[in-house]
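Asks: In case you want the letters, here they are:
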Amino acid sequence: MSERAIDSPTSSALAGRIGLERTLTLVARLREVGIVIVLLVVVAIVTVQAPLFFSISNFEQILLNVSLIAIVAVGQTTVVLTRNVDLSVGSVVGLVAFATGDLLKEHTLGVAGAIAVGCLIGLGLGAFNGLLVAVAKVPAIVATLGTLYVYRGLDFLIAGGKQVSAIDLPRGYLGIASSTVLGVPTLILAAALIALGAAYLLRNSGAGRQLYAIGSNPTAAEVVGIPTQRLIFGAFVVCGLCAGIAGVLWGSRFGSVNALAASGLELQVIAAVVVGGVNIFGGSGTVVGAVLGAILLATIENALRILHLSEFWLLAIDGAIILLAVGTDAAIRGYFQRILMRTGRR
Amino acid sequence: MSETSPVLRLTGISKRFGAVQALTDVDVALFANEVHALVGENGAGKSTLVKILAGIHQPDAGRIQLSGEDLVLSGPAAARDLGIAVIHQHPNLFPDLTVAENVFVGRLPRNGVRGVDWGELNRTAQRLFENLGVKQSVSVPVRGLSVADQQLVEIAKSLSLDARVLVMDEPTASLSSHEVERLFTIIRQLRGRGVAILFVDHRMEEVFEIADRVSVLRDGRHVITAPINELNPAEAIRHMVGRRLETLFPKEQATIGEIALEVRGLTRRGVFSNASFQVRRGEILGLAGLVGAGRTEIARVLFGIDRADAGEVLVAGKHAEIKSPKDAMRLGIVYVPEDRHAQGLVLDFSIAANVSLPIVERLSRLLVVDRVQERQIATDYSKQLQVRSTGVEQVASGLSGGNQQKVVLAKWLATKPTVLLLDEPTQGVDIGAKAEVHRIISQLAGQGMAIVLISSELLEVLGMADRIVVLHEGRVAAEFARDDATQERVMAAATGHVEA
Numbered sequence: 058m059s060e061r062a063i064d065s066p067t068s069s070a071l072a073g074r075i076g077l078e079r080t081l082t083l084v085a086r087l088r089e090v091g092i093v094i095v096l097l098v099v100v101a102i103v104t105v106q107a108p109l110f111f112s113i114s115n116f117e118q119i120l121l122n123v124s125l126i127a128i129v130a131v132g133q134t135t136v137v138l139t140r141n142v143d144l145s146v147g148s149v150v151g152l153v154a155f156a157t158g159d160l161l162k163e164h165t166l167g168v169a170g171a172i173a174v175g176c177l178i179g180l181g182l183g184a185f186n187g188l189l190v191a192v193a194k195v196p197a198i199v200a201t202l203g204t205l206y207v208y209r210g211l212d213f214l215i216a217g218g219k220q221v222s223a224i225d226l227p228r229g230y231l232g233i234a235s236s237t238v239l240g241v242p243t244l245i246l247a248a249a250l251i252a253l254g255a256a257y258l259l260r261n262s263g264a265g266r267q268l269y270a271i272g273s274n275p276t277a278a279e280v281v282g283i284p285t286q287r288l289i290f291g292a293f294v295v296c297g298l299c300a301g302i303a304g305v306l307w308g309s310r311f312g313s314v315n316a317l318a319a320s321g322l323e324l325q326v327i328a329a330v331v332v333g334g335v336n337i338f339g340g341s342g343t344v345v346g347a348v349l350g351a352i353l354l355a356t357i358e359n360a361l362r363i364l365h366l367s368e369f370w371l372l373a374i375d376g377a378i379i380l381l382a383v384g385t386d387a388a389i390r391g392y393f394q395r396i397l398m399r400t401g402r403r
Numbered sequence: 054m055s056e057t058s059p060v061l062r063l064t065g066i067s068k069r070f071g072a073v074q075a076l077t078d079v080d081v082a083l084f085a086n087e088v089h090a091l092v093g094e095n096g097a098g099k100s101t102l103v104k105i106l107a108g109i110h111q112p113d114a115g116r117i118q119l120s121g122e123d124l125v126l127s128g129p130a131a132a133r134d135l136g137i138a139v140i141h142q143h144p145n146l147f148p149d150l151t152v153a154e155n156v157f158v159g160r161l162p163r164n165g166v167r168g169v170d171w172g173e174l175n176r177t178a179q180r181l182f183e184n185l186g187v188k189q190s191v192s193v194p195v196r197g198l199s200v201a202d203q204q205l206v207e208i209a210k211s212l213s214l215d216a217r218v219l220v221m222d223e224p225t226a227s228l229s230s231h232e233v234e235r236l237f238t239i240i241r242q243l244r245g246r247g248v249a250i251l252f253v254d255h256r257m258e259e260v261f262e263i264a265d266r267v268s269v270l271r272d273g274r275h276v277i278t279a280p281i282n283e284l285n286p287a288e289a290i291r292h293m294v295g296r297r298l299e300t301l302f303p304k305e306q307a308t309i310g311e312i313a314l315e316v317r318g319l320t321r322r323g324v325f326s327n328a329s330f331q332v333r334r335g336e337i338l339g340l341a342g343l344v345g346a347g348r349t350e351i352a353r354v355l356f357g358i359d360r361a362d363a364g365e366v367l368v369a370g371k372h373a374e375i376k377s378p379k380d381a382m383r384l385g386i387v388y389v390p391e392d393r394h395a396q397g398l399v400l401d402f403s404i405a406a407n408v409s410l411p412i413v414e415r416l417s418r419l420l421v422v423d424r425v426q427e428r429q430i431a432t433d434y435s436k437q438l439q440v441r442s443t444g445v446e447q448v449a450s451g452l453s454g455g456n457q458q459k460v461v462l463a464k465w466l467a468t469k470p471t472v473l474l475l476d477e478p479t480q481g482v483d484i485g486a487k488a489e490v491h492r493i494i495s496q497l498a499g500q501g502m503a504i505v506l507i508s509s510e511l512l513e514v515l516g517m518a519d520r521i522v523v524l525h526e527g528r529v530a531a532e533f534a535r536d537d538a539t540q541e542r543v544m545a546a547a548t549g550h551v552e553a
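These protein sequences, in sequence, are chains A and B. First residue of the first sequence: 58, per this note's numbering; consecutive thereafter. First residue of the second sequence: 54, per this note's numbering; consecutive thereafter.
No lab work stands behind these hints, which were simulated from the structure alone. Treat the hints with caution; some may be incorrect.
Claimed, not checked - Listed next, the stretches of chain B that the computed footprint assigns to chain A, with coverage defined by at least 3 CB atoms under 8 Å from CB atoms of chain A: (1) 377 to 387; (2) 398 to 405; (3) 413 to 424.
Backbone N, C-alpha and C define an ideal beta-carbon position, used for all residues, glycine too.
Can you make the complete structure from the sequences, with help from the hints?
Replies: Okay, structure coming up:
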């Protein structure tokens with residue numbers, strides 16, 4: 058109990074409130090813990106059913122599957138926090154993957170050069186989305202739905218029915234995905250570094266704070282002089298860059314790239330972000346949560362395959378988890394809101 | 054005025070919202086063929102009463118009788134079905150539907166299997182408007198109609214429902230004088246047809262032009278009801294403000310310094326015009342006036358949210374260009390808005406993150422916010438303002454209204470302003486927190502800040518301000534020194550009633 062409460066005439070009521078406020082704060086932070094608990098429950102259940110599931114190599118496989126989605130989810134989180142969404146990420150990954158593969162195949166640039174160009178393409182595509190949303194004021198869901206098709210169209214245009222196969226790619230490039238650093242696969246390490254770096258910056262940098270503020274309360278953000286337009290543009294650039302990085306690594310991870318690579322990835326990414334507790338209306342949620350969401354969905358997918366359940370169950374369970382995650386959030390928020398109302402907050 | 058039985062009688066109506074007692078034991082009776090004006094200060098309970106009649110709120114106690122029969126207004130539909138039509142200040146229409154569809158929304162005439170009978174719909178609607186003596190095409194969408202025309206659509210709707218009671222909540226607030234005349238003609242016409250009309254307003258000249266009877270509310274209580282010829286505007290104003298204790302807000306004496314902010318002929322078309330005033334360091338300038346008089350709008354221009362069409366702003370004697378809140382903050386002007394939920398706080402953020410939001414760039418070193426310094430600043434201001442919390446890491450959504458208001462204030466103080474624009478700083482906070490906010494305001498003035506205090510509460514302005522500028526319909530109606538200001542004089546100026 059706070060000592061400041063003692064001098065108040067209604068100190069017991071105040072103490073009750075403060076207790077409640079503590080719980081509220083805790084619940085907000087518990088979101089990530091909640092996902093981890095669900096994850097552990099899933100792991101426990103599946104392990105009992107199929108002991109094969111519980112192995113280092115299987116977990117490594119799951120994380121490898123997650124790593125590219127996680128990188129894209131980091132960018133998507135940045136955009137969703139500002140009350141926007143980027144539906145074009147799947148197309149950006151696909152276009153960058155093919156362009157990078159093509160550059161490597163034609164040996165126009167070295168591996169490092171091709172990777173750099175790939176990332177820059179992603180950045181540019183993100184910047185175009187940002188211009189549409191922040192400057193031209195096209196609603197994000199419409200603007201990026203448009204660029205989803207435009208970018209995929211460009212992909213088809215440069216691919217022209219061709220495909221980049223593993224044989225076409227230099228060994229140095231293919232080796233990235235299979236290499237390890239201190240026993241940890243490079244892809245997992247890269248995803249972890251990007252996620253942790255983004256998490257730190259979103260939480261602690263001035264721009265990161267301002268992104269949350271924009272999503273949480275646009276009017277307040279405007280009033281305190283936050284450059285809303287510039288930051289939303291920036292969020293789309295970051296999202297494009299993340300998709301670009303994932304695109305660059307795509308060929309290395311899967312060995313071949315065609316014009317359909319990463320189709321539908323945007324929905325997987327958004328599912329991960331939402332399950333991870335990022336509020337689709339902006340303003341709250343974390344990169345760590347989004348990555349945990351991606352891991353949860355990938356773990357369930359893996360488990361169902363091991364349990365030999367059909368594709369139907371996989372999709373149905375993914376759907377159920379999204380509804381459950383969002384529903385629980387709404388229920389908890391509603392519950393505490395009612396308590397707060399009853400304790401006399403206006 | 055025949056002493057027949059009333060069409061609608063409210064007896065002993067009380068209504069409470071949380072800690073606020075909005076209405077206490079209010080009696081009002083409406084008679085057919087009569088315009089009954091309901092007047093009172095902001096917050097006197099007029100709107101609550103209107104919402105009870107509209108079925109939006111249910112009273113905690115009291116009786117509502119229609120033609121002598123008790124009834125319960127369980128919702129807007131119930132009120133409508135019983136013949137009580139309420140026209141709100143801002144008409145609630147569907148902008149993309151036509152005028153005729155809006156009049157008959159939910160009750161469109163059917164034509165067998167073919168659906169809506171458009172011909173019948175338009176003919177009936179047209180007849181309603183002709184009945185009102187108004188030329189109005191009924192097949193155009195409502196979007197694009199003026200507020201006055203939209204009100205007529207609402208009136209036509211109430212006619213089509215055969216409403217016996219018509220409640221109008223400040224219907225003239227956004228009308229031109231010509232439109233007011235047209236509205237009054239229609240009101241008189243409706244009165245002649247036997248409709249009982251409740252006319253909620255606070256402009257004395259209008260009330261005394263249209264009403265047959267006046268009721269005054271003050272602090273949620275019914276003060277007096279009298280036929281219009283037994284009352285004059287000055288008496289009505291005296292009933293509105295009453296006599297209340299004046300010692301709630303201890304104002305400390307502060308040294309008044311040089312001019313911090315001067316406004317010359319500031320104009321924003323359609324909102325306020327030719328506003329001129331100045332405020333000195335250490336001084337509290339009260340901006341009084343009724344809701345919609347242009348006080349908030351002036352503050353928004355001074356803070357760079359909106360732009361002025363004409364006029365000049367001088368900060369510390371120098372001409373200032375304020376194009377954005379950033380410019381205003383650079384010049385040392387900050388604005389603490391009225392609606393802290395919508396404009397003030399990021400509720401998901403901790404107290405510390407909220408406080409540092411306007412200065413987060415300055416607190417950053419190499420991109421990263423200096424957490425230690427941030428905590429320090431937030432703790433300092435929280436302590437100064439006595440924010441009751443578990444600590445500066447507490448999330449703002451869990452704080453009480455009064456404490457949230459203090460966090461908003463702390464946020465702005467962190468920018469070290471010289472001019473503080475406070476808009477309704479005590480709205481919605483309880484009485485204890487209110488006294489505390491007043492103490493803080495007084496203390497800040499004592500530190501040499503120039504403060505512009507916008508408040509709808511007369512007592513607050515009278516108690517706190519060194520000088521009072523009264524606005525009426527976007528113009529400066531009067532200016533009073535602290536010692537010359539009385540409730541009656543300020544209220545008279547605010548209601549556009551020129552003192553004899």
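Asks: Compare the structure with each hint and give your call.
Replies: Here is what the structure says about each hint:
By the rule of at least three residues with a Cβ nearer than 8 Å to a Cβ of chain A, the coverage given for the segment 377 to 387 of chain B holds, with 4 such residues. Three residues within the 8 Å Cβ limit are the bar, and the segment 398 to 405 of chain B against chain A gives 5, so the coverage statement holds. Restraint check on the segment 413 to 424 of chain B versus chain A: 8 residues with Cβ-Cβ distances below 8 Å, three needed, restraint holds.
Of the numbered hints stated above, none is contradicted by the structure.
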